[in-house]
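Chains as they are written, first to last, in the numbering used here: chain A, 1 to 280; chain H, 1 to 368; chain X, 1 to 263.
Simulated from the structure, these hints should not be mistaken for lab results. C-beta atoms are modelled at their ideal positions from N, C-alpha and C, and glycine is treated no differently. Be aware that a few hints might be false.
Stretch-level coverage of chain A by chain H, calculated; a stretch enters the list once three of its residues show a Cβ under 8 Å from a Cβ in chain H [claimed, not checked]:
| # | region |
| --- | --- |
| 1 | 133-144 |
| 2 | 238-252 |
Ranges of calculated distance between the beta carbons of each label pair, as one might list FRET restraints [as the list claims (entries may be wrong)]:
| # | chain 1 | residue 1 | chain 2 | residue 2 | range |
| --- | --- | --- | --- | --- | --- |
| 3 | X | L44 | A | A185 | 46 to 52 Å |
| 4 | X | G15 | A | A52 | 48 to 54 Å |
| 5 | X | C75 | H | A263 | 45 to 51 Å |
| 6 | X | S96 | A | P201 | 23 to 29 Å |
| 7 | A | L51 | X | I25 | 37 to 43 Å |
| 8 | A | L51 | H | Y131 | 44 to 50 Å |
| 9 | A | P201 | X | G15 | 23 to 29 Å |
| 10 | X | L257 | H | E80 | 57 to 63 Å |
| 11 | X | V253 | A | L198 | 32 to 38 Å |
| 12 | X | R55 | H | K260 | 22 to 28 Å |
| 13 | X | N187 | A | L200 | 32 to 38 Å |
| 14 | H | A263 | A | M129 | 23 to 29 Å |
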Amino acid sequence: MQRKYNPQLTYWLLVLPALLAMAVFYFYPVSRVLWMSVTIPEPGLGNFAQLANSHSINRMLWTTLRISLISTALTLILGYVVAYVITHAEDRRKRLLFMAVLASLWISVLVRAFAWFALLRSDGLINQMLMGLGITDTPLPMMWNEFSVLVGIVHAMLPLAILPLYSGMQSIDPRLVAAARGLGANRRGAFWRIFFPLTLPGVFGASILVFIYALGFYVTPALLGGGRKMMIAEYIKVQILEVVNWGAGSMLASVLLIFIVVTLAIVSRLVDLRKLFGAA
Amino acid sequence: MEDQSFAEDFAEIMRDQDASGMSRRRILQSALAMGVAPLAASLGARGVLAADKPEVVVVNWGGLAVEVFQQAFADPYNAEGGNMVIDGSGPLNGKILTMVQANDVTWDICDAGVTTLADLGPKGALQPINYDIVDKSKVVDGMTYELGVANYFFSSVMAWDSDKVDGTPSPADFFDTKKYPGRRMIRKDSQAMLELALLADGVAPEDLYPLDVERAFAKFDSIRDDLLFWSSGSQSQSLLRDGECVMGFLWSTRANMLEKETAGRIKYTFDKGLLQPGLWVVPKNNPAGDEAFRAIASMQRPEEQVYVLEQMGNGPANPAAAEMVPEQLRSANPADPENRKVQATLNADWYIEHHRETYQAFLDRIVL
Amino acid sequence: MSSFARDNASLPVRGSAWTIICLMILPMSVVFAVSVTDRPYLSLPENGVSLQYYRNLFTSPEWLLSIWQSFVIACVSTMVAGALGTLGSIGCWRISSGASNVLRLVMLVPLMLPPIVYGLGAYQVWADLGWINTYTGIIVAHAMTGIPYVVITVSTALAGLDPKLEQAARSLGAGMGATIWYVIFPNIMPGILSGLVFAFIHSWDELVIALFIAGRNVFTLPRRMWDGINENLDPTMAAVASVLILVTLGLLVFELLGRGRKR
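Chain A on its own, in the form it takes in the complex (with noise of 0.2 Å):
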């Protein structure tokens, strides 16, 4: 048993083998992505010129971004209800309803989108319920198309979003609310001006990590988009394993990449990150 040690040095000791294989095994590997999008097929930008020349990886950069932009928006209200109504629940229901989002977010992304295929299809559940019902003759057109793209991915965010926001009512002291409430606020006035305003950190947060995550997504718009609503996550793998068209794709990867990177970059200086993505 050695008495005398350095502890600042044994503790870096215990950091290194978890530094060391993330360096070789996953940083090592992601900067590949990087190195390809400048190298192949030849040295240089070339590949990156498509993002302004080529109308068809825009029409795609586009729709990515409008699909991620409006899911964000759909899971951060949707989540903002669930949450507010978790955090005033009584401690039982609390946690009934807490467990509830817990399985939802762990329960696989493509066994959830497996589960809407089976509901959406016109031969699906939700058109024979209403069919049955009489509501409708002809069955909806739910699935294969944007909407079905959203519903999958709010679905697949909606714990997400539902944590940190969680987590940031439950730290607003409910004395303050019962303050306003007290000097004759209305509850619809109390929440707007005392309590919503405490809220916005989380709910910013929310929206970078559900915005982050619909980005690069790529199970639930390849299962449920039916090929017309391609986001850059599918588009990606259909140019390195179908189209053999590695420098388009690598450089998609690349854009992704850096995208998300300078996005966390800029939102560090306002959110803790480690707080964000551990909150989940």
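Based on these hints, arrange chains H and X on the given structure of chain A.
Below, chains H and X without anything else, positioned relative to chain A:
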């Protein structure tokens, strides 16, 4: 290295025990419990169990095809002392190229199409077919290319939902959304879709190539809002089966399955369809070397190809198979002489030259 | 006082929240219902419950092999992520705060970057290493992307641990290893267990990396399910999905119990 010797050892134990009467199954079970069965199976099979001939890995697209290829091709080949394994993990072009570039090729024969010749040929990722071993005379119509050889045929055809489309629509009606309202589906790929559009537009099969790409795009543009895209065979099947669309361009194999499972509600026609070859390609520096070509030659046997037709609807590439096809299967055989008369045949040379740019333009103009 | 301070949400708000929660759970229940259908396509049971698709699943050598392989991969990658993540978090806990913030952030990066980007990069590097279609390839990739889950839960557990405890142990003459083993580990065990559970679930469900790296020798359960959906949509996929859900729920309950005991 250690793994391999362990696997060798393991395989030897298996043989010894087998001889001494201990149940092979029990050993396998305990091996599975140790988590080494997959390892032993792969390594063992590669060099130990069949010491004479190297293992030949045939990669196809999974599902039913794994079982069918096993029975049709691997079982007879292995019965003659070979060692063929069917891998259903999908020989995507990008995966073949990655293997070749990393110099770590584990596939010998890949189930591919002309687009693979176009995408990988110029990159030098494919091994020229050794026609000293593979018999050209056992492939119809010169569907033998430097880097690939036809093993079966499939067609892209038009199918429709007879509940929603009265009578027999002509291919031109595919583009007439006034006559038959409703969504249409096409493949998320320019391959065969352009040909079908041009044929529907009245281009004669013999004048098809070189393809008038612009004219085909204009055709699809005219019904752009009613288009759905499928990317896998099962997706094309479920889009039509579930009534998501009223008509579609899809593979004849899937159309045939649909007709059966919907008891004739979904109908299809070979008229103005496109006959396409399914090709074997061999990645550069494949592990089994020339044995891959001997395996391909073995798979040219007509009875094996007819079996695949029976099970999956892929048309035989060997002209000698034509007479062996049972009467009731002929109507569904894409390569049947009667069906060939009404279809055009894909021109691989055009694809090798133009596929890459055309596909990208298709994504640009039609899909995205 | 507390009820006034709480200022409970109004009925419409509560109603919509419960509706949303139900919609979040609904798809999972649908998967179970479809998995016991007696009809040959994705549908609810019509004339009774049938277990035929579970029979399909549990008598198919391919599916069983995938379940087994996914299990082995999840176990090993969880152990690797657990060891690296736990030691790393303990180290960060005692390193001066500026550096440790950066280090912890670095270990969280796999949570921030899209799997498609890492999958593509790992695919290229693994190809050079000959790791495509091997256990090693998938295990290493899953271990790296599993580290953040361990770091999060262990760091949270450490935050609640009094650093004086560790100093006291050392001043009594305990070495580094002894301090960690006898003092720190028992106190953060629930955090470690939670991290292991999440890392396990992560690997068990992971698809995107498997799309690039899996092959004939190693074909994980989500990968086989993905191929199954694309090849032939039959209710067996719902049975597979149910198995995935049950394993996840079982692990979550285990995790909750583990945390509850500590409290």
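Going down the list of hints, with the structure as the test:
| no. | hint | result |
| --- | --- | --- |
| 1 | 133-144 | holds (count 4) |
| 2 | 238-252 | holds (count 7) |
| 3 | L44(X) with A185(A): 46 to 52 Å | holds (49 Å) |
| 4 | G15(X) with A52(A): 48 to 54 Å | holds (50 Å) |
| 5 | C75(X) with A263(H): 45 to 51 Å | holds (47 Å) |
| 6 | S96(X) with P201(A): 23 to 29 Å | holds (27 Å) |
| 7 | L51(A) with I25(X): 37 to 43 Å | holds (41 Å) |
| 8 | L51(A) with Y131(H): 44 to 50 Å | holds (45 Å) |
| 9 | P201(A) with G15(X): 23 to 29 Å | holds (28 Å) |
| 10 | L257(X) with E80(H): 57 to 63 Å | holds (59 Å) |
| 11 | V253(X) with L198(A): 32 to 38 Å | holds (34 Å) |
| 12 | R55(X) with K260(H): 22 to 28 Å | holds (24 Å) |
| 13 | N187(X) with L200(A): 32 to 38 Å | holds (36 Å) |
| 14 | A263(H) with M129(A): 23 to 29 Å | holds (25 Å) |
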